[in-house]
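Start from the sequences and build out the full structure, keeping to the hints where you can.
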Amino acid sequence: MLARLGQMSAPLARVWPRRPLRALSSSASAIEERYSPQLAMVHWLGAASFAACIVTVKKAQFTDGPTSLGTKAETKGTLMMLHKSTAVIAGALLIPRVILRLATKLPSHLPLHSPLGDSVDKMLINAGHAALYGALFFMPLSGFAMGYYGGKGVPFYGLFTIPGKTEGRTPEDGKFAGKVFKAHKTAGSILPALLGTHLAGAGVHLLKGQPILSRMSVFSKQ
Numbered sequence: 000m001l002a003r004l005g006q007m008s009a010p011l012a013r014v015w016p017r018r019p020l021r022a023l024s025s026s027a028s029a030i031e032e033r034y035s036p037q038l039a040m041v042h043w044l045g046a047a048s049f050a051a052c053i054v055t056v057k058k059a060q061f062t063d064g065p066t067s068l069g070t071k072a073e074t075k076g077t078l079m080m081l082h083k084s085t086a087v088i089a090g091a092l093l094i095p096r097v098i099l100r101l102a103t104k105l106p107s108h109l110p111l112h113s114p115l116g117d118s119v120d121k122m123l124i125n126a127g128h129a130a131l132y133g134a135l136f137f138m139p140l141s142g143f144a145m146g147y148y149g150g151k152g153v154p155f156y157g158l159f160t161i162p163g164k165t166e167g168r169t170p171e172d173g174k175f176a177g178k179v180f181k182a183h184k185t186a187g188s189i190l191p192a193l194l195g196t197h198l199a200g201a202g203v204h205l206l207k208g209q210p211i212l213s214r215m216s217v218f219s220k221q
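With numbering that gives the first Met the number 0 applied, the sequence shown corresponds to residues 0 to 221, in that order.
The reader is advised that the hints may include incorrect statements.
As the list claims (entries may be wrong) - Simulated DEER-style distance windows between Cβ atoms:
#, residue 1, residue 2, range
1, 125, 72, 43 to 49 Å
2, 54, 212, 19 to 25 Å
3, 106, 173, 44 to 50 Å
4, 158, 198, 30 to 36 Å
5, 117, 167, 51 to 57 Å
6, 211, 126, 16 to 22 Å
7, 79, 202, 28 to 34 Å
8, 192, 170, 32 to 38 Å
9, 184, 32, 35 to 41 Å
10, 76, 218, 36 to 42 Å
11, 73, 198, 29 to 35 Å
12, 44, 195, 19 to 25 Å
13, 170, 127, 36 to 42 Å
14, 195, 114, 18 to 24 Å
The set of hints was computed from the structure by calculation and includes no laboratory data.
Even for Gly, the Cβ is constructed at its ideal location relative to N, Cα and C.
Below, the structure written as structure tokens:
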């Protein structure tokens, strides 16, 4: 009887392998190229700082009463101070990130093998990365512009403030700061969607058994 069950299960084993996720990526899993540990470190630090920026500003937006941080106004003020301070770090990290991307070898494209074809997949991935990078640059730069032309500057965790424009300020400076604020707010509403798409893409690679996380590990060696 056991032999008969083995004969019956043989066709099923051929159709459904024991490790389906690994089978999905039999060709792509061979791609073991990795980003440099330095670039990976900057990537994860940047991701953490931008995530903190999003969390603090959203928390400030949804604060409707007193909290452990103080009154409603005090809570919003503290959260926005943390938001702006962390944005300084996020913006500063973009400089070494760009330098490292230009100076180090980047791994090959991981194929998705979608019905659209590898060429279309690659084009969409590149477009998504370009949009994400554009938003990541625009957010801290526009935030700094708001602080500078608004005259208040940009705080850094209560330690110091990057000064704003105080001498020779004109009404046009205030108007410009207002326009930048609107653009900053619009881009800020789009950024979570871009980050979500980026994470979804990483999730697809994981489901296919592709080494997407090991490629971005700070402990990986080239």
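Check the following: the C-beta atoms of residue 44 and residue 195 are separated by a distance inside 19 to 25 Å.
-> holds (20 Å)
Is it true that the C-beta distance of residue 125 to residue 72 lies inside 43 to 49 Å, as the hint says?
-> holds (44 Å)
Starting from the hint 32 to 38 Å, judge whether the C-beta atoms of residue 192 and residue 170 obey it.
-> At 35 Å between Cβs, range holds.
Within 36 to 42 Å or not, the Cβ separation of residue 170 and residue 127?
-> Given range 36 to 42 Å: holds, Cβ gap about 40 Å.
Residue 211 versus residue 126 beta-carbon gap, inside 16 to 22 Å or not = holds (18 Å)
Range hint 35 to 41 Å: satisfied by the CB atoms of residue 184 and residue 32?
-> holds (39 Å)
Is 29 to 35 Å a correct range for the gap between the Cβ atoms of residue 73 and residue 198?
-> Taking Cβ atoms as reference, residue 73 and residue 198 lie about 33 Å apart, which means the hint holds.
Distance restraint evaluation - residue 195, residue 114, Cβ atoms, bounds 18 to 24 Å | With Cβ atoms ~22 Å apart, the hint holds.
Verdict for residue 79, residue 202 (Cβ pair) under range 28 to 34 Å | holds (32 Å)
Range hint 36 to 42 Å (beta carbons of residue 76 and residue 218) holds or violated | holds (39 Å)
Distance restraint evaluation - residue 158, residue 198, Cβ atoms, bounds 30 to 36 Å | With Cβ atoms ~32 Å apart, the hint holds.
Is 19 to 25 Å a correct range for the gap between the Cβ atoms of residue 54 and residue 212?
-> With a Cβ separation near 22 Å, residue 54 and residue 212 satisfy 19 to 25 Å, so the hint holds.
Every hint, counting from the list given before, is met by this structure.
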